[in-house]
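So the protein lines, in turn, are chains X and B.
When the letters of the first sequence are read in order and numbered with the working numbering, they come out as residues 130 to 405.
When the letters of the second sequence are read in order and numbered with the working numbering, they come out as residues 16 to 349.
Because the hints were derived from the structure by calculation, they are not lab data.
Glycine included, every Cβ here is placed at the ideal spot set by N, Cα and C.
Beyond 10 Å from chain X on every Cβ pair, some chain B residues (computed):
1. Lys25
2. Leu179
3. Met213
4. Thr239
5. Asn242
6. Arg265
7. Glu275
8. Cys337
Distance condition first, Cα-Cα at most 30 Å in a straight line; then the derived DSSO-like pairs of lysine-lysine:
9. Lys311/X / Lys89/B
10. Lys232/X / Lys25/B
11. Lys311/X / Lys122/B
12. Lys311/X / Lys109/B
13. Lys89/B / Lys232/X
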Amino acid sequence: MARAVSNRRKIIATTAGWLVGLLIFFPILWTILTSFKTEAEAIASPPSLLAFDWTLDNYFTVQERSNYFRHFFNSVVISLGSTVIGLAIAVPAAWSMAFVPAKRTKDVLMWMLSTKMLPPVGVLVPLYLIFRDTGLLDTRVGLVIVLTLINLPIIVWMLFTYFREIPGDILEAARMDGASLKAEILYVLTPMAIPGIASTLLLNVILAWNEAFWTLNLTAANAAPLTAFIASYSSPEGLFYAKLSAASTMAIAPILILGWFSQKQLVRGLTFGAVK
Amino acid sequence: MGRIVLQEVKKSFGHVTVIPPLDLEIEDGEFVVFVGPSGCGKSTLLRLIAGLEDVTDGRIQIDGSEATAVPPAKRGLAMVFQSYALYPHMTVRKNIAFPLRMAGLDKAEQEERVQAAAKVLNLSEYLDRRPGQLSGGQRQRVAIGRAIVREPAAFLFDEPLSNLDAALRVGMRLEISELHERLKTTMIYVTHDQVEAMTMADKIVVLHAGVIEQVGSPLELYRTPRNLFVAGFIGSPNMNFVTGPEAAKRDAHTIGIRPEHITPSSTDGAWKGKVGVSEHLGSDTFFHVHMEDRPDPITVRAGGEVNLHHGDTIYLTPDESCIHRFDDRGLRIA
Numbered sequence: 130m131a132r133a134v135s136n137r138r139k140i141i142a143t144t145a146g147w148l149v150g151l152l153i154f155f156p157i158l159w160t161i162l163t164s165f166k167t168e169a170e171a172i173a174s175p176p177s178l179l180a181f182d183w184t185l186d187n188y189f190t191v192q193e194r195s196n197y198f199r200h201f202f203n204s205v206v207i208s209l210g211s212t213v214i215g216l217a218i219a220v221p222a223a224w225s226m227a228f229v230p231a232k233r234t235k236d237v238l239m240w241m242l243s244t245k246m247l248p249p250v251g252v253l254v255p256l257y258l259i260f261r262d263t264g265l266l267d268t269r270v271g272l273v274i275v276l277t278l279i280n281l282p283i284i285v286w287m288l289f290t291y292f293r294e295i296p297g298d299i300l301e302a303a304r305m306d307g308a309s310l311k312a313e314i315l316y317v318l319t320p321m322a323i324p325g326i327a328s329t330l331l332l333n334v335i336l337a338w339n340e341a342f343w344t345l346n347l348t349a350a351n352a353a354p355l356t357a358f359i360a361s362y363s364s365p366e367g368l369f370y371a372k373l374s375a376a377s378t379m380a381i382a383p384i385l386i387l388g389w390f391s392q393k394q395l396v397r398g399l400t401f402g403a404v405k
Numbered sequence: 016m017g018r019i020v021l022q023e024v025k026k027s028f029g030h031v032t033v034i035p036p037l038d039l040e041i042e043d044g045e046f047v048v049f050v051g052p053s054g055c056g057k058s059t060l061l062r063l064i065a066g067l068e069d070v071t072d073g074r075i076q077i078d079g080s081e082a083t084a085v086p087p088a089k090r091g092l093a094m095v096f097q098s099y100a101l102y103p104h105m106t107v108r109k110n111i112a113f114p115l116r117m118a119g120l121d122k123a124e125q126e127e128r129v130q131a132a133a134k135v136l137n138l139s140e141y142l143d144r145r146p147g148q149l150s151g152g153q154r155q156r157v158a159i160g161r162a163i164v165r166e167p168a169a170f171l172f173d174e175p176l177s178n179l180d181a182a183l184r185v186g187m188r189l190e191i192s193e194l195h196e197r198l199k200t201t202m203i204y205v206t207h208d209q210v211e212a213m214t215m216a217d218k219i220v221v222l223h224a225g226v227i228e229q230v231g232s233p234l235e236l237y238r239t240p241r242n243l244f245v246a247g248f249i250g251s252p253n254m255n256f257v258t259g260p261e262a263a264k265r266d267a268h269t270i271g272i273r274p275e276h277i278t279p280s281s282t283d284g285a286w287k288g289k290v291g292v293s294e295h296l297g298s299d300t301f302f303h304v305h306m307e308d309r310p311d312p313i314t315v316r317a318g319g320e321v322n323l324h325h326g327d328t329i330y331l332t333p334d335e336s337c338i339h340r341f342d343d344r345g346l347r348i349a
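Given the sequences, and given the hints that come with them, work out the whole structure.
Right, here's the structure in full:
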C-alpha cells in the first residue's frame, strides 16, 4: 500500500531537493556568470550576482588567444575513442561474467574495481616514462589508451550489473531455438540491453571528457583536450578569473547539453539494479 | 520421430551428485511426465536432455544417434519454459518465427508456419503485439507456438503452468493434451503437481532425490505403487499410512489405504475415531479423523451429503481389497 504523504512533508522535501540541487549547481552557475564579467568585476568584493555590465569580451579573447575548436576536437576524439574501444572490450567481458561465471568471477570484478582505489599519481612516473619511450606523449592515441584502461572497470561493472538483470531463461530459449552464440548476442541480448549500453556509453563519455589528471600530465600542445585548455587560463597570480570562467564555460557546455538531454537515460543506468 | 534413451546418465555439481546414474527410455510419441517434490532433480534431468546442462557421465541418444555432446540447438528439441522466456523486444509474430529465422527459412514459409501455429493456438489477432501486452495464458501459448513451428522431435515442458492461475491452468492442461493428440510428438513434461501428472501422462516417472522411484502409467502407479514414497506422492489427498497392530494383523510393517477406499459411518465400523477438520467441496467431503492411538489424523473421502461435524464420533471401514502392504524397508509386499 502506498504511504500517504502530507502536503507539508511534500513541500519540505521539494524545498530540500531544490536547495541541494542549487548547492551542487552553484559553482557552475558562478563560473557562467563570471564569464560575462570584466576581470575587475570578477574579483570585486563584495561580488555582484547579476548587477554588473554583461560582456562577451572574455569569449572573444579566449578564442583569439587559443584555438578552442582544436581542443574541442581532441576532447571529442579522446572521449568517443576511449568509449567505443572500452565498450568493445567490456560487452563480451561482462557477458561472460554475467552468464558463464567461473569460481573467481567475483574476485576478478573486485580486483578490477580495486584498481580504481589507487591514487593515479602513484603510477604517473612509470606511465610517463612508458609514454615517453614509446612516443605516445602528447598524442591522441596515447590518451585514448589511458582513458580506455582507466574507465574500463566502471564500464565492465555497469554492463555486468545490467546483463545480470536479463533472465538466463531467455538466452537459453534462444539457444534451444537454434541461435548460435553470435545470433544470441546480436538478436536477443543486445536489443534487450540497449538502454544499459546507452547509459554506460553516456557516462563514459562524460567521465572521459572531464578527465583532467592524465590529460594535463601526458599532453602539451598537440593532443591537449578542453581540460588542458581551461588549465592554460589558470595562472598563479589569479588575475584572469573572467577568462578562466569563459574557457571553463566553453569546455563544459557541450557535455552539459549532452547530459541535460540524456538525464533520464543516465539516471536509469546509474540506478539500475537498485530499483527493479 | 522422438525416441530418447538415457543410459547411466549422471549429473554432479562439484562434489554434490544431484542425479546418480539412471537409465530411462522414452518411446516415440509418448507423453512422459517427470514428477516429484521440489529439488528432486526433475528439471535438471530435463535440462540434461535439452543439452542446457552437460552430463557428468553417461549417454543420451535421440532417435538412435548419439546426442550427449550435441549442443541444444542441434538436438531437434523444443522447450517451453516456466517463465515463458519470450523475447520482450519482439512481437508475437517475430517470437514465433525466431526459430525458423535461425534455421534460415525464407520469409514466405516463416509467415505461413507462423499463421498456422497462431491459428491452432488462437493467437491470430495478437500477432503484432509484444509479450508485455499479453495475459499469462496468452504468453504461454506464444511460448508453445514458438516450440511447435519448429516441428521438433520432442517437446520439453518445464513446469509450464506454474505461473498461471488455477482456472487457466486447467484450460491449458487440456490444450496441451489436445495438442499431443493432434501432433503425436514425444512430449516430456516436468511438474510437481501430481494432478497434472495423472491427467496428462501416458507414462509417469516419479523422482526422489535424483533417483527414479517408479516408472509406469498413471493407473499402475495409483494401483500398485512400488514403495512408500510413490504411494504417498501419487493420489490426492495423500494415502493414509498405518503401522502397529493393524499392519501386523495383515503381515506388514506399514499398510496404506487411500481416502476414497474407506467407508465412513456414524453407527458402526472397524475403526473408531472423532471428526476433526471437515472440508466440504460440494461433490465430496474430506474428513480428518483423529483416533486415540494415532498421532496423525486419517483422511477419509465421503459423499457431498454426509452430515457429520467437528467432534462427532465416526466409524471407518477400509476396503480390504484396496489395502497396500509395505515391508520395513518401505517396499511393496506383493
